[in-house]
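The residues making up each chain are set out below.
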Amino acid sequence: MTNGLLHPTRRGLLMAGGAGLLTAALPGYVAAQAAPVKIGFQLHRTGIGAAYGRWYERTAQAALKAINDAGGIAGRPVEILFEDDATDPKRGSEVVDKLTQSDGCDLVMGTLFSHVVMGSAPRAGELKVPYLVCSEGYHVASGALNRWTLQPGITDVRAQISTMAPWVAANLGKKVTMVFPDYAFGHDHRDFFTAAIQAQGGEVVAQIAVPPTETSFTRYFPQIPAETEVLYHVMVGPAVLTFVKELGEFYGTGAKPALFGFIDSLEAVDTATPGLEFLEGSHFWEAHPRVKAADAGEHEGHYRAAVGVDDNGASVSDAADVSTYSHMFSTWETLYFIKQAMEASGYTGPADRQKLVEAMEAITDLPYGIERPQGAKRFNGKTHQVFGAQHISQVQGGKLVKVHTTTIDEGMYEDAVDYTTMYF
Amino acid sequence: MTRAPRSFDGFCTRVWKALGAGGLAFLLAPGLAFACALPPSVILTLPTGHYITAAALTVALTAIMGVAVHRLPVMAPRQVWERRVLLPLSLTSYLSFLAFLGLVFIGLYGDRDPMHNLMTLVFWTGVWIAVPLGSMLLGNLWRSLSPWTGPVRIARTLLGRTGSIGLARLGHWPAVAGYAGFVWFQMVSLYPDDPAVLAKVALTYWAVIFLLAVLEGEDWLETGEFLTVLFSFIAKVAPLWHVTEGPRTRLMRGWPGSQVLAMPPLSASAVVFVSLALAALTFDGLAETFWWQALIGENPLEPTGRSAVMWVNTAGLLAIWVLTLGLILGAILLGRRIGGGFATGPVMLSFLAIAAGYHAAHYLVMLLTAGQYTLAALNDPLMTGDSWLGLPPFFVSFGFLTDPRVMPVIYGLQFAAILGAHLLAVLLGLKLAGQGARPLAHLPMTVLMVGYTVLGLWLLSTARTG
Chain A
1 MTNGLLHPTR RGLLMAGGAG LLTAALPGYV AAQAAPVKIG FQLHRTGIGA AYGRWYERTA
61 QAALKAINDA GGIAGRPVEI LFEDDATDPK RGSEVVDKLT QSDGCDLVMG TLFSHVVMGS
121 APRAGELKVP YLVCSEGYHV ASGALNRWTL QPGITDVRAQ ISTMAPWVAA NLGKKVTMVF
181 PDYAFGHDHR DFFTAAIQAQ GGEVVAQIAV PPTETSFTRY FPQIPAETEV LYHVMVGPAV
241 LTFVKELGEF YGTGAKPALF GFIDSLEAVD TATPGLEFLE GSHFWEAHPR VKAADAGEHE
301 GHYRAAVGVD DNGASVSDAA DVSTYSHMFS TWETLYFIKQ AMEASGYTGP ADRQKLVEAM
361 EAITDLPYGI ERPQGAKRFN GKTHQVFGAQ HISQVQGGKL VKVHTTTIDE GMYEDAVDYT
421 TMYF
Chain B
1001 MTRAPRSFDG FCTRVWKALG AGGLAFLLAP GLAFACALPP SVILTLPTGH YITAAALTVA
1061 LTAIMGVAVH RLPVMAPRQV WERRVLLPLS LTSYLSFLAF LGLVFIGLYG DRDPMHNLMT
1121 LVFWTGVWIA VPLGSMLLGN LWRSLSPWTG PVRIARTLLG RTGSIGLARL GHWPAVAGYA
1181 GFVWFQMVSL YPDDPAVLAK VALTYWAVIF LLAVLEGEDW LETGEFLTVL FSFIAKVAPL
1241 WHVTEGPRTR LMRGWPGSQV LAMPPLSASA VVFVSLALAA LTFDGLAETF WWQALIGENP
1301 LEPTGRSAVM WVNTAGLLAI WVLTLGLILG AILLGRRIGG GFATGPVMLS FLAIAAGYHA
1361 AHYLVMLLTA GQYTLAALND PLMTGDSWLG LPPFFVSFGF LTDPRVMPVI YGLQFAAILG
1421 AHLLAVLLGL KLAGQGARPL AHLPMTVLMV GYTVLGLWLL STARTG
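Heads up: the protein sequence lines correspond to chains A and B, in order. Heads up: the first sequence is residues 1 to 424, going by this note's numbering. Heads up: the second sequence is residues 1001 to 1466, going by this note's numbering.
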């Protein structure tokens, strides 16, 4: 009798089996031993931002699962600690503090509302903790914040608006009337679009600013000049349905200008909702087409399945529960950005936070992949702002159908700040 | 607590004078403005103005017809059955107390996300909404669920304590103080949803009440503890209720409000308590309206958050309370002056119907939204991905909020609750005004009821930030 593969002994089999079990168990043992990466998530769970917060949390949970299933960050499991900021800047600042000091999070992310970003970013700067926002505000790239605050998951509103002008001028018309709510959000649209359409040889023939407290709009419509070719509207809030209804009544079945809007008006709202018929044929900006485009990338389906969203952008559990599709991808992409930067910098713990920010600032090209389901992006380390392609969709049969995709370059603008020259 | 209506005169007059002399002072705070994400409102596209007009006319006509006809429906209760008490109060209360301790533990050490934490969810959707709503249909459920009765009974037995320290003399005033503090915590303070904050506040309040009830006796809870007082008041509109005496209990049925007619007149402190209930619900709705946001200088499309409006909302809440109390007492005094009758204590009972109707209408949508999170949290309490109740993944869904087929139905239910509450209040007012009241005496109260109906329905149908 000889020992060998053909004639194994019982003892040998037991030893080999034991060794095999050990080998199989080793990665799990190592992973279990590695301390988790702890990411603090400043969540708009209650307060005015709750409608977005629900989808931000859901998308972040999906990305977290995907990252952990694929081995975590540098072999370490990842945890997210969600903390409600009540969509309040004072609470937001306290949440950054708590997540960093009490909970020992490696960094903080997730904020959407600009006033919470503005209230929290200074505290993140004081605590020297990376603060990654998902708000699309121009506040990061404008230079108003600090070296610890970055926006790597979503294009800012200045770029979004600017990219729309070339297509609008070429396809809808060059004489534009703008209707917008009379506060910072509306003013961004007014200023950035007016400049962008002028660069395309177009002009804004009227700017109609509607007070934010207004809930009926009929008396503003006569201010729309007859020569208007495009009506650019960015009304938001509870009265949006009223706005569309009254606009429909104003124009009736007669001639009307082409309508162009931002999906912010109807984010999380079904465009087939009765009362919105007047929007049929009109166009909207979308960051991420909520209705799956015919030429959608290969990762689109996987992303939707992970978040639990169907091909119309609604929850798989309720076709009427439309997601905040044009914004929520930012939490997914921010998490993958964190993973990339942590792995590139060899991040091991809070002592490496400065190194982590420097690694983030060094990132430039972010190619399309499961890490970025909205599309490829370019990160500007100096302004801490990411730039991606935008989309224009048309309401066809009550559904948003993507008709155009911009280039990333169309949204680029001159740097207003170089955060890399600032002290940590 | 009963008191002769006569004792009210001085009290009412003092309040009325204070109102007239002091007026209302509003503090205005500058507002900041940034971003926006309010969902569109289907209700704003409905012809709610017609509904409100119709409701106002209905309330007015009911009052006029009631006064003119002099023949009101008899609202006598009937017994449905009698049986033994199945679960003694001490046991259910003690189990409720254990559950409360469990919730406090979850609040302090569980998930920090309020929409995943059972402390926040069970309290705000269960105790605060589901229990009173259930009580409006089935009688006072809180009586069995109070986490004090059992522990107090046990503690007093163990300590051999039978006496009191005289808290009963304070009437409902301790409950008024507790309720006022709670309303401020709920509507004005920064973090009423934070599980740990809520757990600490709840535990502290429980301990204070427990201590006082051990010293005074468990019966004191019925006048001194605000949840017990509020829920027992609201439950008085129920068409079904239990009357328990010793080991036997009788299930009764009757028209909503039958129980109210059997109540003794409200004391001065109880009158103030009821006015606070009405004012709190009014202010909670009002503070979210575009009208209020504009008044305090906030941009309603992107309000700054609670931290920016704490003081102005505190002032607003107090002002609405004083205004509510003043208007009610003013209508009663005026009615008495021009038509006789109209003793405050009995007439004030009719407002219990409005408190109940408003509570149901006001919190219905919150029950339908946050209630889903409660079910989801109960479905997977350990956050392990389990499904104890068999709910599917992504169960929580708010699609109905922008659905033009669903929201009119919800508004219809709220409309019915508000209108029904006011019609019942008018009917009770006619019965409770006393034989000495001439038809003209009802005029001020009818005007107030019509105004309050319009306000209640307007609050539910106007543009709001929440």
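Keep in mind the hints are simulated off the structure, nothing from the lab. Wrong hints could be hidden among the right ones.
To list a few chain A residues with every Cβ distance to chain B over 12 Å, as calculated [what the hints assert, rightly or not]:
hint, residue
1, F113
2, H115
3, Q198
4, A362
5, K402
In silico lysine to aspartate or glutamate, EDC-like type, Cα no more than 16 Å apart, as pairs [what the hints assert, rightly or not]:
hint, chain 1, residue 1, chain 2, residue 2
6, A, K38, A, E277
7, A, K98, B, E1082
8, A, K402, A, E249
9, A, K38, B, D1380
10, A, K256, A, E277
11, A, K402, A, E343
Just so it is clear, CB atoms sit at the ideal spot from N, CA and C, and this is done for glycine as well.
Output the indices of the hints that this structure fails to meet, ascending.
1, 2, 6, 7, 8, 9, 11
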